[in-house]
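There are 2 protein chains.
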Amino acid sequence: MKLLKVDTVDEARRKLLDCCAKIMPRTEERGLLDVAGRILAEDKYSKENIPPYRRSIMDGYAVRSKDLGAAGDMIPTMLKESGEVVLGVDPAGLTVEPGQCVYVPTGGYVPEGADAVVMVEYCERFGDGMLAVSKSAAAGENVVSIGEDVSEGELILKKGRKLRPQDIGVMAACGVTSASVLVPWKVTVISTGDELVSPDTVPGPGQIRDINTYTIASRSAEEGFEVVKTISVKDDRDKLASVIEEAKKDSDVVIISGGSSQGKKDMTADLIGEAADQGVLTHGIAAKPGKPTITGFDKKSSTLFIGLPGHPAAALIVYEQTLIKVWRDITGREEERTIRAKVNVNVPSAPGRMTFQLVKLGEGDIPEAIPIFARSGMIAPVSSADGYFVMSENQEGIRPGDMVDVHLWK
Amino acid sequence: MKLLKVDTVDEARRKLLDCCAKIMPRTEERGLLDVAGRILAEDKYSKENIPPYRRSIMDGYAVRSKDLGAAGDMIPTMLKESGEVVLGVDPAGLTVEPGQCVYVPTGGYVPEGADAVVMVEYCERFGDGMLAVSKSAAAGENVVSIGEDVSEGELILKKGRKLRPQDIGVMAACGVTSASVLVPWKVTVISTGDELVSPDTVPGPGQIRDINTYTIASRSAEEGFEVVKTISVKDDRDKLASVIEEAKKDSDVVIISGGSSQGKKDMTADLIGEAADQGVLTHGIAAKPGKPTITGFDKKSSTLFIGLPGHPAAALIVYEQTLIKVWRDITGREEERTIRAKVNVNVPSAPGRMTFQLVKLGEGDIPEAIPIFARSGMIAPVSSADGYFVMSENQEGIRPGDMVDVHLWK
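Respectively, the protein sequence lines represent chains G and B. 7 is the number of the first residue of the first sequence in this note's numbering; add one for each residue after it. 7 is the number of the first residue of the second sequence in this note's numbering; add one for each residue after it.
Treat the hints as calculated values from the structure; they're not laboratory data. Do not take every clue at face value.
It does not matter which identical chain is used: a pair holds within one copy or between any two.
Below, in silico cross-link-like pairs of lysine to aspartate or glutamate (EDC-like), each with a Cα-Cα straight-line distance of 16 Å or less [stated by the list, open to error]: (1) Lys53 to Asp206; (2) Lys165 to Glu48; (3) Lys235 to Asp40; (4) Lys192 to Asp256; (5) Lys141 to Glu127; (6) Lys245 to Glu280.
Next comes chain G alone, as it looks inside the complex (with noise of 0.2 Å):
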């Protein structure tokens, strides 16, 4: 067995990230309804003034607040109309002199003269063109002023803002068409090992289905990458490799799940060896779970590789804390919000590993975290789980009362 020494977490991180430098994600520009979910790639500023003209928040009557100064639901103030805003009719012309007043329905446009804008609910007409108004209006009110939603020149969104709805909704209010949106990346997942079989198998004596590909492969699509591929494989050096050479044609990176024994490892870091022209960068992290772990990276093809742990909790959160925190760090991605939450008993931690704890979390002003312990290899913990805590590799475990920060899983 060859003694090799195992990097940290951070480490292990930081290599991928040096070869990311060289192959930053590609970018598309695409149209507004196709960018949901999608990594905005560059500052997006606006050209405009959002409202490009004052805009009324009301059914109103557009009025100069002067003239209202003495009006009240008793002794009402006397306007004329001198006409009307028609929501997609230029207005152009109409002003409000002194005495007078127009109507603007909501979202219309305030003509000029006038400086705020009258419910109708406090106007009555009284014929002839005379508008009773029973209440006072302060300069400004109802009114949104040229530019106060987005000033032109305002950065809108940041580059890496994940975009949401209501990011796409300020887009378009900004006569934004399009945006450039990162290219998420494509992964190809390879499940190795003989004794592995497809859960639609009843595994035999010796046997055990495969679940890593299938949380690994609906991981990446939640995260939004492509799954160009899953495929298993038995354990046939030759086999393996030929397949790791075919994924490299169109993968952005290469997941090699299973085979978490000894002898499998080493299999899985020697094709790694082989695959990437830079060799392997990470053979083994200080991590509990997730000791398992290799990275490599082929500079001439583009593509990382990562070897997972078998255990499928571990497997899990290493890719998190590993491939999926990397594509965040190089897409100026916003990390996701942990929860503050605290637990009432203590956790051990593993001495100068990272330690990924588990946990259910309870409800509350502040919520309890409830560590979930998933012996090696089981799945039903992880199912029932709602997140996990890291314990730094110099922390020395959680006693009760203290506070963590929950990566919580949706």
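Please build the complex by placing chain B on the supplied structure of chain G, with the hints as guidance.
Below, chain B alone, put in the same frame as chain G:
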């Protein structure tokens, strides 16, 4: 102007729910790699014990723990290797008799007779099939017992679960190869208004760019709905009526956005009244913002209608608090987790109305919810918000120090 009794948000939702009782969403059976993010339509049980045999969580030797009572660093116990478990190979006939041991790789079958596995690190081969073990073992050590992960007949996933990667993993482990999931609603988003122009047009005086179509269509897709069509229509009653009739044919939900002024709202209500054989259910809700919300139901074509307010924040939040909540209710989907946060300022509520308050979320053990005020029609504040909290109809506003539950936008 018609005088109409507005519904509370709860009443509006209950009316929609009553209609939905007649149009439970369709289900479809899909393979494991195609159900991520979909909502499970049935309770899923395991028909098997997982693992189906006792499994080692280490590379090591299967032993009888009693044999190692005296084993230690100084005086190892000698055992006879009686065989080796190979992954994927039927270990039929392999047993561990007193004084014997069997090599077992991680994930491998623990043979009859053995009750523990000692890690390879504590074992040394002495030739002639003899092994020196320098550590005692507790019964059960490093062995996952039959059914310890999932037991036969156990409920593994509940109806209504939005399937996460690890949920798909647990199904794979249990030999579940497909799942009955809900067919998402098909929605058509219609925007109306003579004043609306598309984002690629510079609005002239009296015109405004269409925002809500983009936010509502994107939000629909985010929820998993299928957006059949988005269409912008001028305020032409006949044209609108025919677009609505068309949408009824292939949509579960017809969303009409725009038209927030009084006259427009009446037209939307009239059109929904004509298109829906059960008529208008709700004409106005007691919400701030969000009053001009209209719902209806056509039983014959099983179509829900909603006319959303023009205010982008209101449209988005009302959509979430009515239709999307109804979808979650009928599908049994768990509510999204809200974040408990503290407000440090006074926030007024609208008496008798449910009030939605946009916020930005701070950091810390108890994050601060910082109110963001969006005047009617503004979109930038909605895009800068992390979410919103709800004040109920009877709540007298928020005082500094009050805790709220923030609905987080991702």
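Okay, the hints, checked on the actual structure:
1. Lys53 to Asp206: Between copies only: 13 Å across, 56 Å inside.
2. Lys165 to Glu48: within (4 Å within a copy, 41 Å between copies)
3. Lys235 to Asp40: between (23 Å within a copy, 13 Å between copies)
4. Lys192 to Asp256: within (7 Å within a copy, 34 Å between copies)
5. Lys141 to Glu127: within (10 Å within a copy, 87 Å between copies)
6. Lys245 to Glu280: within (14 Å within a copy, 65 Å between copies)
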